[in-house]
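Undergrad: Take a look at the letters that make up each chain.
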Amino acid sequence: MTFLHPLLLAGLALAAIPALLHLLERQHPPEAEFPALRYLSEAERQSARRVRLRHLLLLVLRTALLVLVVLAAARPLVPLRVKSVGGGHEPTALAVVLDNSPSSGVIMDGRPLFERLRATARGSIAAAGTNDHLWLVMADGVVRKGTRQSLLGILDSTRVQSERLELGAVVARAIRVVDADPLPAHEVHVVSDLQRTAFGSTRVTRTPRVRVLILAPLARPPANRGIGVVKVADGVATVPMVGTAGTPPGAVTVRVGPQVIARGLGAPGTAVTAPLPQLGDGWWVGEAALDPDELRGDDRRLFAWHDAPAARVRVTGDPGPFVTAALGVLREGKRVNDAGRSPEISIGDRMGAGPSAVGGGTILIPPGDRAMLGETNRALALRGSAWRFAGPATPGLIQGRSELSLLDSVPVRLRYRLERAAGPSGAAAPDSMVLATVNGEPWLVRDSSTVILASRLDTGWTALPTAPAFVPFLDQLINHVGRGEAAISSAEGPVHIEFRTRGSDTLGATVYGPDPRESDLEPATPGQVEETLGALPLDERRFLADRFTGSRRADASGWLLGLALALAIVEFGVATVLR
Amino acid sequence: MPASRLDLLDPSEVARLGGIEIIAQEVVEGFLTGLHRSPFRGFSVEFTEHRAYQPGDELRYLDWKILARADRLFIKQFEEETNLRAMILLDASRSMAWSGSPLRITKRAYADRLVAALALILLRQRDATGLVTFDEVVRQVIPARVKSGQWTRIVRGLLDTPDGRGTAADVALQQVTSLVSRRGLVVLVSDLLFDRDLALTALRYLRHRGHQIIVLHIMDPAEVELAGPPEVRFRDSESNASVVVRPRELAGAYAQTVAREVAAWRTACRRHGIVYHTVRTDLPFGLALRLLA
Chain A
1 MTFLHPLLLA
11 GLALAAIPAL
21 LHLLERQHPP
31 EAEFPALRYL
41 SEAERQSARR
51 VRLRHLLLLV
61 LRTALLVLVV
71 LAAARPLVPL
81 RVKSVGGGHE
91 PTALAVVLDN
101 SPSSGVIMDG
111 RPLFERLRAT
121 ARGSIAAAGT
131 NDHLWLVMAD
141 GVVRKGTRQS
151 LLGILDSTRV
161 QSERLELGAV
171 VARAIRVVDA
181 DPLPAHEVHV
191 VSDLQRTAFG
201 STRVTRTPRV
211 RVLILAPLAR
221 PPANRGIGVV
231 KVADGVATVP
241 MVGTAGTPPG
251 AVTVRVGPQV
261 IARGLGAPGT
271 AVTAPLPQLG
281 DGWWVGEAAL
291 DPDELRGDDR
301 RLFAWHDAPA
311 ARVRVTGDPG
321 PFVTAALGVL
331 REGKRVNDAG
341 RSPEISIGDR
351 MGAGPSAVGG
361 GTILIPPGDR
371 AMLGETNRAL
381 ALRGSAWRFA
391 GPATPGLIQG
401 RSELSLLDSV
411 PVRLRYRLER
421 AAGPSGAAAP
431 DSMVLATVNG
441 EPWLVRDSST
451 VILASRLDTG
461 WTALPTAPAF
471 VPFLDQLINH
481 VGRGEAAISS
491 AEGPVHIEFR
501 TRGSDTLGAT
511 VYGPDPRESD
521 LEPATPGQVE
531 ETLGALPLDE
541 RRFLADRFTG
551 SRRADASGWL
561 LGLALALAIV
571 EFGVATVLR
Chain E
580 MPASRLDLLD
590 PSEVARLGGI
600 EIIAQEVVEG
610 FLTGLHRSPF
620 RGFSVEFTEH
630 RAYQPGDELR
640 YLDWKILARA
650 DRLFIKQFEE
660 ETNLRAMILL
670 DASRSMAWSG
680 SPLRITKRAY
690 ADRLVAALAL
700 ILLRQRDATG
710 LVTFDEVVRQ
720 VIPARVKSGQ
730 WTRIVRGLLD
740 TPDGRGTAAD
750 VALQQVTSLV
760 SRRGLVVLVS
770 DLLFDRDLAL
780 TALRYLRHRG
790 HQIIVLHIMD
800 PAEVELAGPP
810 EVRFRDSESN
820 ASVVVRPREL
830 AGAYAQTVAR
840 EVAAWRTACR
850 RHGIVYHTVR
860 TDLPFGLALR
870 LLA
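Quick note, the sequences are listed as chains A and E, same order.
For the first sequence, counting from 1, position 442 maps to 442 in our numbering; every step adds exactly one.
For the second sequence, counting from 1, position 143 maps to 722 in our numbering; every step adds exactly one.
Note that these hints are calculated values from the structure, not bench results.
A hint or two may mislead.
What the hints assert, rightly or not - Simulated restraints, written as ranges between beta carbons of each label pair:
{"hint": "1", "chain 1": "A", "residue 1": "41", "chain 2": "E", "residue 2": "856", "range": "24 to 30 Å"}
{"hint": "2", "chain 1": "A", "residue 1": "41", "chain 2": "E", "residue 2": "682", "range": "22 to 28 Å"}
{"hint": "3", "chain 1": "A", "residue 1": "5", "chain 2": "E", "residue 2": "682", "range": "53 to 59 Å"}
{"hint": "4", "chain 1": "A", "residue 1": "561", "chain 2": "E", "residue 2": "870", "range": "58 to 64 Å"}
{"hint": "5", "chain 1": "A", "residue 1": "559", "chain 2": "E", "residue 2": "839", "range": "44 to 50 Å"}
{"hint": "6", "chain 1": "E", "residue 1": "834", "chain 2": "A", "residue 2": "12", "range": "49 to 55 Å"}
{"hint": "7", "chain 1": "E", "residue 1": "839", "chain 2": "A", "residue 2": "575", "range": "22 to 28 Å"}
{"hint": "8", "chain 1": "E", "residue 1": "651", "chain 2": "A", "residue 2": "41", "range": "41 to 47 Å"}
{"hint": "9", "chain 1": "E", "residue 1": "821", "chain 2": "A", "residue 2": "575", "range": "24 to 30 Å"}
As the list claims (entries may be wrong) - Partial list, derived from the structure: chain E residues whose beta carbon lies under 10 Å from chain A:
{"hint": "10", "residue": "683"}
{"hint": "11", "residue": "726"}
{"hint": "12", "residue": "772"}
{"hint": "13", "residue": "802"}
{"hint": "14", "residue": "839"}
To be verified - Calculated from the model, a selection of chain A residues having no Cβ within reach of chain E, i.e. all distances over 12 Å:
{"hint": "15", "residue": "30"}
{"hint": "16", "residue": "35"}
{"hint": "17", "residue": "38"}
{"hint": "18", "residue": "54"}
{"hint": "19", "residue": "55"}
{"hint": "20", "residue": "109"}
{"hint": "21", "residue": "152"}
{"hint": "22", "residue": "179"}
{"hint": "23", "residue": "556"}
{"hint": "24", "residue": "571"}
Every residue, glycine too, gets a C-beta built ideally from N, C-alpha and C.
Put together the whole structure using the sequences plus the hints.
TA: Listed below in structure tokens is the structure:
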């Protein structure tokens, strides 16, 4: 049993009043002369037992009466055995997880699925009492705490968002939040389409204190197809088709501006390719679109690419045989040009001319002779670089940033530790960044126009020269990294493109769109749901009926007041009739 | 007119009208207005009725004819003609000086006036009347006389007897038995708040000596029906004992106890040929005197 106003239980001290009054009254009664004391003593002797019983009965009745009134004022909540019986519930910490990821925007039975999910979530919050603690968690992962009214207001203004919902992680977070709350009951209501791809690797740890109610899919979702992240390479745009497996192909249109450059049919798991027109040097934007279906959010996606002439490269010092050979391959493929009189990129183990002089960048490979490190570091310092070579460091595997992920797991045997230089030159340029690491230490860094490698590109130092990724890496290094460009990346968000610029130069772009996994509307099986979230999904009727049932309580104050009234009547009878 | 008869008015109102002498005279005047013959029966030559024989009765008044015919013992009673020797025994113990309400007179005050009136009636009939007052000991002894000024002496004896302390009536009654030598009427006026058995022993002795005995049990109404604040400590001024009671709770049991006590007195007195009456202090004096008629 719990109480809505537990502080009022302090009033139980009032139960001592009858006993105290009894004692106080007995200690100081008025005194009077009465000569017929022998009759009185005799009468008292004969009725002493009855009077004592009556006193005891009155004391018990009055104490019980006060206890009942105080308990009733504290509003006790007692468990209800019958679920269908109405009534309140004991104070509950409730977190409602509402799935407003892109997949919830699907139209089912002529109505957005999200509206039905939102109505169910709204019902859970509206059923909460004033003493409950409430949280609302949606696809953005933000745990919002609020009152019933404030959360209902948030719900009413919520729309389908572009972020994907990692259901396991969000539910686990919701469980942790309510479990930490001191209220006696804890529930998490999961209102989602239970999309199979929303179940990531996170498994919810079962907590006995927290009841997790999961709404089962309201209906079988329609087959869906969508457009994945478009990749542009070698003048061709590859448009991957995503969605529910087995969905028939749909018509895909690829446009650049108003011009349709390709049409094709694509089913989930396949791709449509579109040769890009030669539009000249610069950044270009295209669009791939599907005919509208029930889920509109994944029917359109933008893509960007950069057309630029091959970089003019000059070798400085000794870059090693593998770099020399790779440059030859790139030159044949017209990916690099000879520098001539105006080199754009210099690559080697010597610092070239400053960028201010030639307007290009430097890719610095450490010298093979360790004795040359000092001279190299001085040259870096003169160039204003914040980085310098230190002593040898431990071998390990390369971990590259997303645009250099082709370097991942390539072994490095020898390397110098790259460290920030002390003194005025230690201040990094605004675009200074670590592009790849080995054992968590910088292996490839860029500082302004200088790109520094920690290992020579030689098989004695690293396995990279013999890896298939070597020539593409060098191409990326020369034509993009060395030029100071950032890669074209993709991110979740409303469909649009954001360009990154420095001055009047465009350095990179981020293409936003829904996560391709959102297109697969296939729901998870009950087994998958239970394995990940620790509870089986419930159909809508059960879900609505089971809300707060673990903590459903009836307010017993009315019963207690009725009992108190009955006791008062009995007390009146004992006090007046049974004399 | 009934309104002018003090014997029928409330005793507390009557007591405010004057001293014992005046009140007694007025009460007796009113009382005798309604009577034409002496209310007291004694031993006379004029036969009036029979009554059952009681141990101690003189055999010479036994009706031998009835004994011979029915083999039952009856005593012949006669209309008073000759002087009656009456001795009034007044309990002046501390318990008598108590009233349950300031609106009522004390039991002692009531008894004083009743005794004075009774004595006046007896003396007017030319009956020798005396008075003994007692508490733990005998306080006043006025031998039974019929001469003039006897009533004044009796009244003076009442006034000169202060409120006593305890009540050891049995001791006092035994002393009284030695003071009442000639047979006659003995009237005991008391609240009887003493040991019943010991008191009855003395009364039985008097009865055995041939006295006619009347016991007037004086009771304040508050002694009959218990009342008071919700809780009170009642103290007996004689014994200084006290008890804490809730009058409302104990009223029923107390009333039953008083009724039992009165019944016990009545039964014991009847058994020994003693006349017993309870007299509440709110009873008009005339009605109290009528109990004796």
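Undergrad: Now tell me if each hint is right for this structure.
TA: Hints and how they fare:
no., hint, result
1, 41(A) x 856(E): 24 to 30 Å, "25 Å, holds"
2, 41(A) x 682(E): 22 to 28 Å, "27 Å, holds"
3, 5(A) x 682(E): 53 to 59 Å, "55 Å, holds"
4, 561(A) x 870(E): 58 to 64 Å, "60 Å, holds"
5, 559(A) x 839(E): 44 to 50 Å, "48 Å, holds"
6, 834(E) x 12(A): 49 to 55 Å, "41 Å, violated"
7, 839(E) x 575(A): 22 to 28 Å, "27 Å, holds"
8, 651(E) x 41(A): 41 to 47 Å, "44 Å, holds"
9, 821(E) x 575(A): 24 to 30 Å, "25 Å, holds"
10, 683, "14 Å, violated"
11, 726, "37 Å, violated"
12, 772, "6 Å, holds"
13, 802, "4 Å, holds"
14, 839, "8 Å, holds"
15, 30, "5 Å, violated"
16, 35, "4 Å, violated"
17, 38, "7 Å, violated"
18, 54, "7 Å, violated"
19, 55, "8 Å, violated"
20, 109, "77 Å, holds"
21, 152, "59 Å, holds"
22, 179, "57 Å, holds"
23, 556, "35 Å, holds"
24, 571, "15 Å, holds"
Violated hints, listed in ascending order, are 6, 10, 11, 15, 16, 17, 18, 19; each of the other numbered hints is respected by the structure.
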